[in-house]
Structures are given as structure tokens and as C-alpha cells.
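Undergrad: Add chain B with the ligands to chain A, keeping to what the hints say.
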Amino acid sequence: MIVGEQKTIAEIKEIIAPYSRVLVLGCGTCVKTCFAGGEDEVATLTSALRLAYNKDAKQISLEEFTVERQCEDEFIQEASAAISRNDAVLSLACGAGVQAIAKRFYKVPVLPGVNTTFIGMLEKHGLFTEECLGCGDCKLAVFGGICPIARCSKKLLNGPCGGSQNGTCEVDPETECAWQIIIERLTSLKQLDNLKKYIAPKDWRSSNAGGPRKLVREDHII
Amino acid sequence: MNNGSYSRLQQVLSKGDFAVTAECGPPRGTDAGIIQKKCSLLKDCVDAVNVTDNQTAIVRMSSIAACVHLLQNGIEPVMQMVTRDRNRIALQSDIMGAFSLGITNILCLTGDHQSFGSQPDALNVFDIDSMNLIHALRDMRDSGTDMSGYKLSEPPKMFIGAAANPFADPFEYRVLRLAKKIDAGVDFIQTQCVYNTKRFWEWIKMARDEGLAEKVHIIAGVTPLKSAAMAKYMAGKVAGMDVPDEIIKRMEGVPKKKAAEEGIKICLETISFLREISDVHGVHIMAIEWEEKVQEIVEAAGLLPRPQLT
Ligand code: SF4
Ligand code: SF4
Chain A
0 MIVGEQKTIA EIKEIIAPYS RVLVLGCGTC VKTCFAGGED EVATLTSALR
50 LAYNKDAKQI SLEEFTVERQ CEDEFIQEAS AAISRNDAVL SLACGAGVQA
100 IAKRFYKVPV LPGVNTTFIG MLEKHGLFTE ECLGCGDCKL AVFGGICPIA
150 RCSKKLLNGP CGGSQNGTCE VDPETECAWQ IIIERLTSLK QLDNLKKYIA
200 PKDWRSSNAG GPRKLVREDH II
Chain B
0 MNNGSYSRLQ QVLSKGDFAV TAECGPPRGT DAGIIQKKCS LLKDCVDAVN
50 VTDNQTAIVR MSSIAACVHL LQNGIEPVMQ MVTRDRNRIA LQSDIMGAFS
100 LGITNILCLT GDHQSFGSQP DALNVFDIDS MNLIHALRDM RDSGTDMSGY
150 KLSEPPKMFI GAAANPFADP FEYRVLRLAK KIDAGVDFIQ TQCVYNTKRF
200 WEWIKMARDE GLAEKVHIIA GVTPLKSAAM AKYMAGKVAG MDVPDEIIKR
250 MEGVPKKKAA EEGIKICLET ISFLREISDV HGVHIMAIEW EEKVQEIVEA
300 AGLLPRPQLT
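Residue numbers (numbering that gives the first Met the number 0), protein chains in the order written: chain A, 0 to 221; chain B, 0 to 309.
Here chain A stands alone, though its shape is the one from the complex (with noise of 0.2 Å):
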């Protein structure tokens, strides 16, 4: 899923600052289940920010809606009355939601009111992790499902660079060193001969370093 993070209230104070009306936007699907954007996330904000500005006596109109997907056209639609009553939509989805409604509603204005981080999973309870960069030419069946590039602070492909000590990442103590569990894993599979071979630079042209990516799925087109 796309994990994300609420931005602080006094950020999000500053960027609705110029607007007296304001949807507060949610999305029912990754945001939700990282608890940055869904409808609960999306009452707890409005009140925290309504109780914020009664405090500094400032009026301001706030009010609530959650699509289900605010990445998708058909779901955006159901929003568009309660879009069409404020100034500005300060939008709690990822960078996508976000820019999808930018896209359909053109005039109105819209703010983010989440930090999109990753691409990752839950780990345990209240801990998500980052799991892959998007690079459109995955190869885990190489490293025994660990992604170097996502989870080597160094996106090193040919092995641990001079500073993993004792399971942890150069960068920081509290990270795993991705080769650590790369060279783990294919030894208990017995592949580690995996990483004997020659790993040539990477073709970034399959990821983001070749332009924005669009896919075509000719079989889905009406």
C-alpha cells in the first residue's frame, strides 16, 4: 500500500490560512489503513483544528467527506456537491488523490494534508515499512524477495557495502541492513549462489529517472 503521515496542524494551518471555507477530504483506502486519511482521521483533524481556531477566536467553515478512492474518477464524483460549497479542498489521500482532484475540479484549489512516504507494508502494530521503489523491473526472484533498491540505503546491487555491522544499516542503528537479510534469506533457500553472478547497472529507464510513467492496458480500454 502507499503509506502516508497527517502533516502537523500548524502546517495545515498555515496552507488553508487563505481560505474561509474548507472540505477536509479522506480516502478509504491505503490512507486509511496507515491511519493518516480516512474518516477517522478526517474527524479527529477537523476537530483539532476547529478547537484550534476557536482558541484564536478566527472563524473558519470546515466540513467533512471521505470517498473510497480518491485516485479514482468514478469515486471523486460522489464529492463534487460538498467540493462545489467550499473555497479549497484540503485533501488527506496520497499524492495521486490529491492530484486527481486537482485534475477534475481545475478552479478549485487543493491542498495536501498528508506527507505520501512509500510504497510498504505493516509490519507490526503502528510500524510500517518501506518495501519497494516502484522501478518497473523488479527482480526479487534474484535476492530472495528483499529489495535492494527500496532497503539498502545505497541501492547496492552487488552486495553489502564496508559498513553493515551486526545486522544493522550504516545510516542507522535502528534499520536492518537489507544485504544482511538478502545474504540471510538466500542462504536458508540455499541461493546464495545468486549473488556470485555479476549484477549489471541497473536500466533506470523502467522507473522514474525515464520521465513519468504511464501504463496501457489495451484490454481494458472502452
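Since the hints were made in silico from the structure, they are not lab data. Being a predicted model, the structure only gives us computed values, none of them experimental. Please note that a few of the clues may not be correct.
Looking from chain B toward chain A, a few residues come up when the C-beta cut is under 7 Å (computed) [claimed, not checked]:
#, residue
1, 164
2, 168
3, 172
Residues from chain A shown here face chain B by an in silico Cβ test under 8 Å; the list is partial [said to hold, decoys possible]:
#, residue
4, 154
5, 159
6, 160
7, 170
8, 195
All residues carry an ideal CB built from backbone N, CA and C; glycine is no exception.
TA: Then chain B with the ligands, alone, in the frame of chain A:
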């Protein structure tokens, strides 16, 4: 291992002499006088001097420019090059430029992560890793082609080095990685500083058992300790460094005034340990901001005068 004669360092090593290299960190500014001063301290007591490339991700004068200052002062440089800051286009271009300026040794590194440095807010590159860089250099030199396969006019002919850290984890994998570097085309290896001689010996033995030691010149790294505090700092804070407790205790066991002397003593003991190992072909003395001690160490180790080449 390539036996061409690209550089003085290569000639010393292929003659079977025990090589001595040192290190020079370029200044955080444009003052070439600082490099000249370091050169005067290192000249004639080493075979070549490594010039670091924005080491620990702290912005300094470029490695290429500093290498040229070394050449102008009569010292052969080993240009360090990290893949952290440049993509493959810039790396190859800088390699060609460096060779055109007379730089004939290169050490291929991935580089310390920028989060350690003076500008942790920077974006890193890591387009290719050090293994890919070694491979690219070998292809440029031996096949005369760049990474796209384009035939170069006057390809760069460099003596290719890489680093190895016998003390990093996972230990068993370290030798496999050395094998990969050799296959990729590395001629010489400079290791992380040796304090843990036991672990270094185990690594050499593994390299020997795998038949790797004879395929590459291994130059072992040493760094003289200035104080007990430095020993503790290196043990705790420097990524990939292994300073055993007994070394820290030795440094703590002498009065502060005598600590530097003790550090040099340890360094000399390490050098004599290394010289006993037939698969170690040289020593790389990294006296960080302590270049004035290099001459003394090399002399006390009985490694002077350096071989004169014709
Ligand atoms: S190899 Fe690419 S697609 Fe596969 S997990 Fe890593 S970043 Fe994602
Ligand atoms: S310590 Fe491991 S994860 Fe961190 S940069 Fe080095 S190899 Fe990558």
C-alpha cells in the same frame, strides 16, 4: 590482475616490493597551499597517495583537482571516486578527464552515505555501485569502450583499485564480495584499518583458501591512534570499523601525554604483523590530519628508502 605498467604503484607492486601508500584529504576550500604542505610531508616516503572524494560526505575540493596538485608536487595520486554523487555519465567523463591530466590510479568506492556529512539534506545518486564502476573502468581500459560500448579514442589506462572491509558483516560474505571485485577487474585492494589482527588474518586465510589472494594485490590499511578518545570514537562511531577492547585498554593505560607515542607503537606492531603475511603486498597509512607522522612511521618500520623506478 593486469600486469601492464600504468603507474608507479603498479610497478612497485609487480616487482614484488612492499608498497606504501598514504592518504591526503583535500581542503574544505580552495587553498592549494594546504595540499602542497601535505605533499612536502609525504614526498619520498610513500609510493602513492590516495586523494579522498568528499570523504564522509563532507564537501571538499574535488578529488581530481587535488590529484593534479599532487602531480605538480611530484607525488603519484590514487584518485578515489565514489558513486554517491555522480551518475554513470559523470563518472565516465571524469575518469577520461582525470586520465588526460595524468592520473593513473583509481580507487572505486560507493562512498559514505550523505547522512553522515555536512549536507545531509542532499539527494544521493547511486546510479551504479562500486562493482559496476570497476567493471566499467576495466572495459574502458582493456576493450577501449565506454559503458555504452562506444569505442573511445585513447581510452583511459588506469591501475584499478577497490576497497575491502574484512571487519564488516556478514563476515562470510566478505570473501565472496572480494571474489566479485576481482572478477569485475580490480588490480589492487586497500582494506579498512586493521586493529583486529585476528579477524584480518581469518579474512586473508579465507581469501587464500579461495585462491583469491594471488589474483590481486592486497594493501592493508592502518591508522595510528592519537588518543584513547580517538580509539573509542572509532570503535563506536565510525561505520565498519573494528577496534578491539584490548587496543582501547592499551591506549587508556598510558598517560595522556604518551598516548600518541603508544598509538604509533601499535601501528608499527601492526605493520610488522602485516609484513609477515605473504599475501599482503603493501600498507596504506591513513594518518588523518597527522601527515607529519607518516615519514616517522615508514622510517621506523624499515620501509625507507622507497624503491627508485627507472
Ligand atoms: S525491484 Fe523494483 S519493483 Fe521490485 S520491489 Fe524493488 S523497487 Fe519494487
Ligand atoms: S549497511 Fe547494508 S543497507 Fe545500509 S547501505 Fe550498507 S549494504 Fe545497504
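Undergrad: Return the numbers of the hints above that this structure violates; sort them in rising order.
TA: Those not satisfied: there are none.
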